[in-house]
Amino acid sequence: MSATPEPSLQRTPLYELHVSLGAKMVPFAGYAMPVQYPPGILKEHLHTRDKAGLFDVSHMGQALLIGPDHATTAAALEALVPADILNLGPGQQRYTQLLNGEGGIIDDLMVTRSVSSDDDGSLMLVVNASRKELDYAHISGSLPDDVRLQPAPERALFALQGPATKDVLAKLSDIAASLAFMTASSGKVGDFDCHISRSGYTGEDGFEISVAAAKAEKLARRLLAQEGVQPAGLGARDSLRLEAGLCLYGHDIDETTSPVEAGLAWSIQKRRRAEGGFPGAGRIQHELAHGPTRKCIGIKPDGRAPAREGTEIFAMLGERIGAVTSGGFGPSVNAPVAMGYVQAQYAEPGTPVNLMVRGKALSATVVPLPFVPHRYVRKG
Amino acid sequence: MATERFTKDHEWIRAEDGIGTVGITDYAQGQLGDIVYVELPEAGRRAAKGEAVAVVESVKAASDVYAPLTGEVTEVNAELAANPALVNEDAEGRAWFFKIRIADAAEFDALMDRAGYEAFVKQES
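Heads up: the protein sequence lines correspond to chains C and X, in order.
So the first sequence is numbered by this note's numbering: it starts at 1220 and just counts up by one.
So the second sequence is numbered by this note's numbering: it starts at 21 and just counts up by one.
What the hints contain is simulated information worked out from the structure, not anything from laboratory work.
Glycine included, C-beta positions come from ideal geometry on N, C-alpha and C.
Hints are supplied without guarantee of correctness; some may be wrong.
[Said to hold, decoys possible] Calculated Cβ distances over 12 Å to all of chain C for the following chain X residues:
#  : residue
1  : A35
2  : G53
3  : G70
4  : E77
5  : K80
6  : A81
7  : D84
8  : Y86
9  : G113
10 : D124
11 : A126
12 : F128
13 : A135
[Stated by the list, open to error] Dumping the calculated SDA-like pairs for lysine to any residue here, alpha-carbon to alpha-carbon at most 20 Å:
#  : chain 1 : residue 1 : chain 2 : residue 2
14 : C       : K1519     : X       : Y86
15 : C       : K1579     : X       : K142
16 : C       : K1579     : X       : P61
17 : C       : K1579     : X       : E59
18 : C       : K1262     : X       : Y57
19 : C       : K1579     : X       : Y86
20 : C       : K1579     : X       : K28
21 : C       : K1519     : X       : R65
22 : X       : K142      : C       : G1241
Produce the entire structure from the sequences given, and follow the hints as far as they go.
And the structure:
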């Protein structure tokens, strides 16, 4: 219950701000991160769904993939991920996965094509903090001579999430309000030069804002001064993404799970399905055609007891059919929610299952994801 | 008059006429954050000192609540089961978890008093 993390932990450019706001700092992926602020996870979560939450996600890995032209850079990345990068328009963003040779997920990431023709041939990548060193080595080791990876540790990253964010940024930014979901552009927020995308990982409308680390605290204070904006920590980020049915690396996806098993087949576009040419294409094309043997599902316990990660899932006849990979309490659902994997024949929504919690079988139901409808704004 | 004692696992116990009322401390609820679920033992259960007999769950995690001493559970707090957030509102009052018939008064006396517990918390945080 110690509140002071070890001194060896890295700090984001907002560390001092978090501490001054009264955040409870915890170790996460080698960083000292705010798990919650004084209002607590429940209120931060509900405030984000109601108005706007500001999350520091500077621990995540931001990097540029730089080649001579878009086709060359896209081809280099397509050798590692199953998404269609070639047909990504300027300023468009896509969610995809770095895959290993067996089609397992090394990491999941966001890829954005630069909006400007000046740096055509550049792709911006955002990867998970816990995986960034491994990702960078993996990507760098696979690139052709004319494409290079340039990590950007000198940049901070915020996620401003919630229905009020568009009005907040409309007042502060020249371009934010014109962006549609999963598009991005360079622009100003206040007086600060930023890279802004309309995206996030909460299921709400929102933006991710990349800014020079040296400017990060000033920009964060400016955003927090806006009506309706409150800081939100990793705890709320986790409960928000779980309600939104979004996979968390190291929990719902890992090197053994394929994107098809994880319910991420939507992120593999038609051309790549047909052509293959990505690691593990054999397994993934087979799973797309015939269905995977196990599937990621939503699980709603019938009672009030949360089922945590690792909870075993049983069929009504007593056979063990899978396990919970993320589970907790959904503040907006006001009930326990979970995600997990089960054998494909039990994955149909409505299927009754039992969860073994502290030696007791608790009844639960397979439900469609997400638990809370996404509220993305498709048109800027 | 009731006297109170505390454990290193952050439970409080208040004894009156051989019955101890048990809950978690205000410090513990502050550390756990928003409580969303509690699981209480059945009345009649016999527990040994240090045995996990109840569970308290925040948004993030589940924590065990231990029997501060040996005895038989005589009553549980139905109001708490229905409204777990009571722990955050009044941890050392209305949010008691269970009552236990104290088998050995010496076990009670050996626990920390409030000053001892406060010193323990200071040292731990």
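Hints, verified against the model:
For A35/X, the non-interface assignment is confirmed: its Cβ lies about 26 Å from the closest Cβ of chain C, beyond the 12 Å cut-off. Distance to chain C contradicts G53/X as a non-interface residue, since its nearest Cβ pair spans about 5 Å, not more than 12 Å. Distance to chain C confirms G70/X as a non-interface residue, since its nearest Cβ pair spans about 17 Å, more than 12 Å. At roughly 6 Å from the closest C-beta of chain C, the C-beta of E77/X falls inside 12 Å, breaking its exclusion from the interface.
The Cβ of K80/X does not lie farther than 12 Å from every Cβ of chain C; its closest approach is about 6 Å, which violates its non-interface assignment. Interface exclusion of A81/X from chain C breaks down, the closest Cβ pair being 8 Å apart, not more than 12 Å. A Cβ of chain C approaches the Cβ of D84/X within 12 Å, the least distance being about 9 Å, so the stated non-interface status is violated. Distance check on Y86/X: its Cβ is at least 14 Å (rounded) from any Cβ of chain C, clearing the 12 Å threshold; non-interface status holds.
Listed as a non-interface residue, G113/X keeps its Cβ farther than 12 Å from every Cβ of chain C; the least gap is roughly 20 Å. Under the 12 Å C-beta cut-off, the non-interface status given to D124/X relative to chain C holds; the minimum distance is some 28 Å. Its beta-carbon lying about 28 Å from the closest one in chain C, A126/X satisfies the requirement of being farther than 12 Å from that chain. With a closest Cβ-Cβ approach of about 24 Å to chain C, F128/X is found to remain outside the 12 Å limit, as its non-interface label requires.
A cut-off of 12 Å between C-beta atoms confirms that A135/X is not in contact with chain C; the least separation is 20 Å. Distance check on the hinted pair: K1519/C and Y86/X sit about 29 Å apart at the alpha-carbon level, beyond 20 Å; violated. Annotation: proposed proximity of K1579/C to K142/X is violated, straight-line Cα distance about 37 Å (limit 20 Å). The straight-line distance between the Cα atoms of K1579/C and P61/X is roughly 13 Å, inside the 20 Å bound, and the hint therefore holds.
Between K1579/C and E59/X the CA atoms are separated by roughly 12 Å; this keeps the pair inside 20 Å, and the hint holds. For a cut-off of 20 Å, the pair hint linking K1262/C to Y57/X stands: about 16 Å separates their Cα positions. A distance of roughly 19 Å separates the Cα atoms of K1579/C and Y86/X; the hinted pair therefore holds under the 20 Å criterion. Under the criterion of a C-alpha separation no larger than 20 Å, the hint pairing K1579/C with K28/X is inconsistent with the structure, at around 28 Å.
Distance restraint check for K1519/C and R65/X: the Cα-Cα separation of roughly 30 Å exceeds the 20 Å cut-off, and the hinted pair is therefore not satisfied. Taking the CA atoms of K142/X and G1241/C, the gap is near 18 Å; set against the 20 Å cutoff, the hint holds.
Checked against the numbered hints given earlier, the structure breaks hints 2, 4, 5, 6, 7, 14, 15, 20, 21 and satisfies all the rest.
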